[in-house]
Amino acid sequence: MKRVVHYINQFYAGIGGEDKADQTPLFKAELVGPGVGLAKELEGKAEIVGTVICGDGYYGEHTDEARAACLKMIQDAKPDLLVAGPAFNAGRYGFACGDIAATTAAELGIPTVTAMYHENPGVELYSKKTYIVPCADSARGMGKALKGIAALAGKLLSGEKLGPARLEGYIHRGIRKNFIHEKSGAERAVEMLLKKLRGEEFRTEYEMPKFNKIPPAAPVKDLKHATIALVSSGGVVPLGNPDHIRVSSAESFGKYDISALDDMTAQNYESVHGGYDRVWANEDPDVVVPLDVMRQLEKEGVYGKLHPIFYTTTGTGTAVAFAEKFGKEIGEELKNAGVDAAILTST
Amino acid sequence: MRLELHKVKVRDVQWGEKTCVKDGVLYVNKQAAINCVKEEERFAKVDLELARPGESTRIIPIKDAIEPRVKLTGKGGYYPGFSAPMGRCGDGKTFVLDGAAVLTCGPIVAFQEGFVDMSGPGAVYTPFSATQNIIMVVEPIKDLDPHQYELILREGGLKLAVWLAEQCKDAPADVVEVFEKGTVPEESAKYPQLPKVIYVCMNITQGLLHDTYVYAADIRPSLPTLLHPNEVLDGAMVSGNCVSACDKNTTWHHVHNPIVAALYARHGKELNFLGVIPTQESTVMDGKLRASQMNLSIARELGAEGVIVSEEGYGNPDTDLCLNARNFENAGIKSVVVSDEAAGTDGASQSLADATPEMTAFISTGNVNEMLEVPAMDKVIGWPETIAHLSGGAAESLREDGSMFVEMQAIIASTAEIGFNRVGCEWI
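Those protein sequences? They're chains V and D, same order as listed.
With the working numbering applied, the first sequence closes on residue 347, and no number is skipped along the way.
With the working numbering applied, the second sequence closes on residue 428, and no number is skipped along the way.
One chain only, chain V, in its complex shape:
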């Protein structure tokens, strides 16, 4: 039989309310409070071998100590899975459940499950690190919450592959994963359109993300003395792509010293971009990164000087998360180097 440890607070353990919130961690080798109901739901799948109890105030105010003590108790009970809560909409309890569940998952490498109301702050803090079953905002939803926890715990203990969060009954961890649907994308599209036309409810398969709109920097005031950098997502790199920047879905950018260079040619630079025809870019990489023109304008004194370092990556299939990371890192380096403006060339 699989072994489950249950974590609850002082209130659900029957020790007391706010006056006992400073309760230090303790272990009981028995079912306590909601553990009784949970054990029934888990019958045949797992047994609860012990309960760890800690006051919400203590966990919140002495988090490091509470976490370490609870983890030790959990580890000693040798569980296959930890259940924490349900915490409903109790903020401090949600924090404690999320924290001990996330810690146990990370430290002991076992699955952990808790349950919270979707507005509990613990959801935002811990939904990526443990499985959180959505539940009501108060203990009136206890029965349903325990059923949800037990169903998910059972699946996790069985070692079966989990399906999508919405079907397994937990708050998703912000990860997109491929699954095989019953029907083709085309069939689903037509069915969704018919529902939309009839005014019936439908479920979009991807909610629109919120974009960070970045305001452009203020115009350069004194171009004559400005230092300008070249930054490109056109995939132009030194011949041979020394840093192995990927042809698409780049997860890195390169930076190269161009201080001794007046011109990019087929002999020194090339494009490795996977999203456009590189024939002309390879004949003359300046068409993507206008180094030749920048040198000429520099000589003419149109602007101060060209930044000696050139930044580059391939912008095709690149995850937005990486694009944001590159932008932040490159921006910071340019700023630290006293660069006044950058010319961004894309393809």
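It is worth saying that the hints were derived from the structure and are not from the lab.
You can trust all of the hints, since none of them are fake.
Only pairs whose alpha carbons sit at most 16 Å apart, straight line, appear in this in silico EDC-like list of lysine to aspartate or glutamate:
1. V:Lys210 x D:Asp354
2. V:Lys325 x D:Asp346
3. V:Lys255 x V:Asp243
4. D:Lys93 x D:Glu4
5. V:Lys177 x D:Asp346
6. V:Lys196 x D:Glu329
7. V:Lys196 x D:Glu305
8. V:Lys45 x V:Glu160
9. D:Lys22 x D:Glu166
10. V:Lys177 x D:Glu426
Here the structure of chain V is known, so what remains is to put chain D in place on it, guided by the hints.
Structure of chain D alone, referenced to chain V:
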């Protein structure tokens, strides 16, 4: 318009004395088939290979897939302007070697061709692991310009596919599928109570090896137009692009467009299917604005109430997708979009390069970046080392033992955005 697809079910492919189809087996006279392609002098070398479902075979890099078809009525040939005289398709009888596919394979043209495994975990994601494949393996003459190379690969594949069908066309059909629908005014008079639905099929039209052809016209510099669904199902559209393998609409996919098929199946019952707008994905903003505006104009002129928009490619065309959704919704035309996602190898990134609140009905055809482990195959047709240069591959993708760790996007049609497959993203 009445289109009859006379389908002979192909369950196996073998070399034979004579090219013909008998008892579900497609026999191919190898030399005669090679000769048909070899007429093109810009090929230095032409060879043919066969690959069947379930075999331990990897084919890499593949550029296009074409179903062997030929017209039984009218002027013959297929793909008007390419392997048939110019003229309208979509009417009369068409012979189909159903279950067979010609795959074009040669040294890499650009970075965006893909691979097919005939068995194993990678096979699940592409329809071409389930087809009886005739693979045209070619090498171009030295220093051939990539644009010319793309052209001869494209035309060679079409030619071979039509030639195969031509040799077999006297075989009796196992099944005859009929697609029949009148003009928009006729059908609207017949079904005044049904919602009018139009399909906007976005195509990669970026030039520089990213082109789509309608009646052999490169549609990059043209305007969106209207096709009867039968024309799409009968060879009006041909792929000529080297976009990422996972979400390019191959020529095979155009004649099997599942959105056209699904709308057709409900025509006269649940909806009134007005037709298909093949439209552009321009590289410049004005081009995007123009195409999306013209898509709306055509839809409005026809009285459309609902629209399905499918994307081709990812990244830059996400903006075209957003503009289309926004225009339609703001004009009161209900829209559903079909697209894949680029959520990163860990699935944790935002999936699109552009977004708009009007895009409320989204069908996902999968995360192109999801990683996949594919074992070594007993036989490799083509050039396995090219995985290092394909979108979705990297220098370290191919291991010494022949196994690969790659992104989904390196597999041909794995996230086809015309919704051919059943794969789609969900939150975990």
